[in-house]
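Asker: What follows is each chain in one-letter form.
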Amino acid sequence: MTESDDVWKVNRERDGKSEQFVSNFPEPSAVGKVFAPVAGFGVTIRNFFKPTVTEQYPENQDTAMPRYHGRHQLNRYADGLEKCIGCELCAWACPADAIYVEADSNTPDAQFSPGERYGRVYQINYLRCIFCGLCIEACPTRALTMTNDFELAGPTREGLIYEKQDLLAPLEDGMLNAPHPMVPGTVDDDYYKGDVTQVVDEQVDWVRENRPEEPTLPENRKAESARG
Amino acid sequence: MTSTADQATPAVVDTVSLTIDGSEVTVPKGTLIIRAAEQVGIDIPRFCDHPLLKPAGACRQCLVDVAAPDREGNVRPFPKPQASCTMTVMDGMIVNTQHSSETAAKAQEGVMELLLINHPLDCPVCDKGGECPLQNQAMSNGRPESRFIDVKRVFEKPLALSSEILLDRERCILCQRCTRFSKEIAGDAFIDLQNRGAMQQIGTFNEDVLEFDGYEPIGVAAEDESGRAFSSYFSGNTVQICPVGALTSASYRFRSRPFDLVSSPGISEHDSSGAALRTDHRRGKILRRLADNDPVVNEEWITDKDRFAFSWQNLNDRITRPLVRGDDGELHEASWPDALAAAAKGLRAAITGEDAQGAAVLPGGRLTMEDAYAYQKFARLVLDTNDVDIRTRTASDEEEAFLGSSVAATGLGVTFGDLEKAPAVLMAGFEPEDEGGIVFLRLRKALGRQQVFTVAPFLSRGAEKLDATLLSTAPGGEGKALAAVKGSTAASEALKEAGSVIIVGERLAGSPGAFTQALALAKRTGAKLVWIPRRAGERGAVEAGALPGLLPGGRAVSEASARDAVAKAWGVDALPGKQGRGAADIIAAAHQGKVDALIVGGVTPSDLTSNLSAALERTGFVLSLEVRRTEVAEYADVVLPVAPPSEKSGTFVNWEGRLRGFATALKTDAMSDHRVLDILARELGVTLNTATVGDVSQQLGALGAAATKHRPAAPKIDAPKVDAKPGEELILASWHLMVDEGALQDGEPYLAGTGRTAVARLSAKTADAVGVKDGLVTVSTQTGALELPVVITEMADGVVWVPAKSPGSWVAQELGVEPGARVMVKGGV
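Chains as they are written, first to last, in my numbering: chain A, -12 to 215; chain B, 50 to 878.
Treat the hints with caution; some may be incorrect.
[Claimed, not checked] With a Cα cut of at most 30 Å, we get these calculated DSBU-like pairs of lysine-lysine:
| # | chain 1 | residue 1 | chain 2 | residue 2 |
| --- | --- | --- | --- | --- |
| 1 | A | Lys151 | B | Lys774 |
| 2 | B | Lys514 | B | Lys572 |
| 3 | B | Lys201 | A | Lys180 |
| 4 | B | Lys572 | B | Lys232 |
| 5 | B | Lys494 | B | Lys78 |
| 6 | B | Lys103 | B | Lys129 |
| 7 | B | Lys577 | A | Lys151 |
| 8 | B | Lys577 | B | Lys770 |
| 9 | B | Lys206 | A | Lys180 |
| 10 | B | Lys716 | B | Lys774 |
| 11 | B | Lys545 | B | Lys577 |
| 12 | B | Lys716 | B | Lys334 |
Keep in mind the hints are simulated off the structure, nothing from the lab.
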């Protein structure tokens, strides 16, 4: 017989005469004892009379709070030029290294944003993004904001890397798709200050001359809406 | 190779002791306060201060509180803060920087506030953002809050100083680093301070604004294509030293941010100086190159070619997979095993087949030492021939004898430091600004302390900036000109001073007797002699023995004992003893169909006077090892892709003999030439043992330098007299300008825009005799003709100078002759 066998024996003996469990809750009253089997339904019954908080998703999509950090959007100025100048400050701020930007020079033939510089490549990898919002805080031109769109799932990894065209804000009525020249007589500062409020005829004429097929031209928009 | 030559003997220097922020520091007399502070690790903010430029005190950012002893020895404070970048130290001085003095800190904040008044806060669009001294120091030494509410001064931007350099004047803080660099270092004053007061700005030179003695930046000949007066080969350095984003380069503008970039150190592949570079790349693509700080070689400067010409290696014609010519006569992509088998088959037929006439190797002059070693070993062991020559340029047997006797394996000879210290320098067949930019900068650093003589047909702009004395000669007459430097001539007297240097360039090979005379002159005057080639790989190839008559370490092929020594080291019975043929002879033989196989490395056919393309066409089997699909590929049977310098490691040996090893900057699966040759040799049943850089350096180290008896004898060739007279038939002078249409400058239009317009230079007398019409001449030979505008230059009569490979002036291809040959020159076109 070894020493460990001794230990085992002692333990077995102790287990044999272990103490009975005694609750330290107060003893229920007589009525309590009667209703004890259905007491658990109290919570349920109480909630019958409270307002519903259940979200009817996906039937009801109106679910996010106004400042919810959802998918990003690259905004445009009122005349349709892009706000992004490709400065990469968003990429710099990103703690998850989810943003990749390459800038390039605007040229007279291809002016995408006011000033000299625009973002040629803009990618956000939503497999990496943690929706912290540091990028939109860093953006010096308010080009990057976050929308309420949270439906970011997909079957492929590639598909979750959003490119510039996936992120650009839709062209609202009256906006003209870039590239096109800035409003004549303005400089980039006027855009930053919000002094440019609409497309002017010179810009429309330029696009008409260079890209007559552009769907955001007024006549093409009209034709499109006539077609239904 | 030791580097002892560069270590200055510690001389006794006067020192002074002072106190900076309470720490005692002892520095040499004459040290600036800002440097003394650096030595004790105290950082004083600065913009205009640069250790390689003279003090200016322009930005006032480095203000510190100073107290110094007066005549009685009482330490008394200066009434106001002083600029620490212009004030030298004094014994017993007490300096309090912003760390210990409220006054200094407040003064610095005030200066920063003033500098920021007109600085646009466009950091998000500025290329300097993220690596900007102004940004950083505004954070560390500026006021936390701005009080400025007025409208900032604006200028139109950017102002293109050249096709490469752009100036945003509103960002400028007037530190004058750029103007000081261009005046003091490069000698091209192309921008200067303009105007006064609040409107003061850096701008292009304008005589109306600045009375500047009628300076003409580039003279009549050197306007760029746009007609803009700009001519510096070193302008890119101003971008690098600009402490704000005022100067930017067109090629890097808006391309990336510093935090995107991975930086790797490297060595320039563009000239034989071996300048240290920093390669910045992102996602496998090189975005820019900067000068690295190497005090013994390039200090902190590089040429624009080093800086901007890197896109050649990633153009669309880059080959990444082997190509084999199929039965249909077209090149098809093939696997490495198939391509190696095809290459081995072709080479085997050329060396072992019936009536085999053998194979030859033309590696080209742009290779690393390891690659050159592999090529020559491949030729000697696998192909059993000494027909290997890297000199795809003007070359001669005299030059080879000179290289074997006086250059190969001589270790670190004359250094950049020696050039700077030399009391006199004589150059022959070498244009420092065009053919070795860093050499030019070092010589210019000694301006005023050094006499420079140049043996050339005329005083080039670079030589003029060195204040050189012209020893005028027609090309071919350099030998006689060197022989005339004797007795009590000024040059001879100057060279007799200890430490003087004679520089001979590769172009002397076209001038019989010149190397002989250069050796004699060195002996006569006691001056040191140094050979400065143009291409980066030349000196390394000489060390590695990739010449027809030279084995590794300077051993002569003609010496049986030298051959045996190498054969023993390589573990073979014997090496081929037959003297090899030079590049020109190989091509001539191939032209006659007398070479069965040719291995061609980085050779550009248009650089050669002989028609390489036609020779390749007549050669049975052509194997090309190339980075890009060049013209050689059109005639090649097998093309094996090799790595460009940024994708491989290796060693360039610069003209000093200094080993300039570099590691791989971009890791790709491209292989170096030496590795490809190693695999190919294995396919042919020979162990070359050149798979890695380590293997090669081990072998080169084991071989060592040749014993004197194994070396070729020094050349002894008589220098002919050259008879140059004005007339229809003139002697051709030519050299490569730094920025031209060389293969390694492809794909860089911004750099090309800064190149000089091609012109023909004639003396007034010669031009009269020729009869220039409409300012144009036609320079012709039987092969072809060049039509160029004429510039009348003070130069030797009977000589016409044209650039070697500038736009519209491809001398080798069009004229098919080398400098020194006679060409027909007519007025008009």
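Asker: Indicate, hint by hint, whether the structure satisfies it.
Answerer: Tested hints:
Pair hint Lys151/A plus Lys774/B does not hold up; C-alpha atoms about 68 Å apart against a cutoff of 30 Å. Straight-line distance between C-alpha atoms of Lys514/B and Lys572/B comes to about 29 Å, which keeps the hinted pair within the 30 Å bound. Straight-line distance between C-alpha atoms of Lys201/B and Lys180/A comes to about 15 Å, which keeps the hinted pair within the 30 Å bound. For the suggested pair Lys572/B and Lys232/B, the alpha carbons sit about 37 Å apart, so the restraint of at most 30 Å is broken.
A threshold of 30 Å between alpha carbons decides the hint, and for Lys494/B with Lys78/B the separation of about 22 Å falls inside it, so the pair holds. Simply put, Lys103/B and Lys129/B have alpha-carbon atoms about 23 Å apart, close enough for the 30 Å limit, and the pair holds. A threshold of 30 Å between alpha carbons decides the hint, and for Lys577/B with Lys151/A the separation of about 63 Å lies outside it, so the pair is violated. With a CA separation close to 26 Å, the supplied pair Lys577/B and Lys770/B stays within the 30 Å bound.
Between the alpha carbons of Lys206/B and Lys180/A the distance comes to roughly 20 Å, so the proposed pair stays at or under 30 Å and holds. In summary, the hint linking Lys716/B to Lys774/B is not supported, as the alpha carbons are separated by about 57 Å, beyond the 30 Å threshold. Taking the CA atoms of Lys545/B and Lys577/B, the gap is about 10 Å. The hint holds against a cut of 30 Å. Between Lys716/B and Lys334/B the alpha-carbon distance is near 11 Å, which keeps this suggested pair within the 30 Å criterion.
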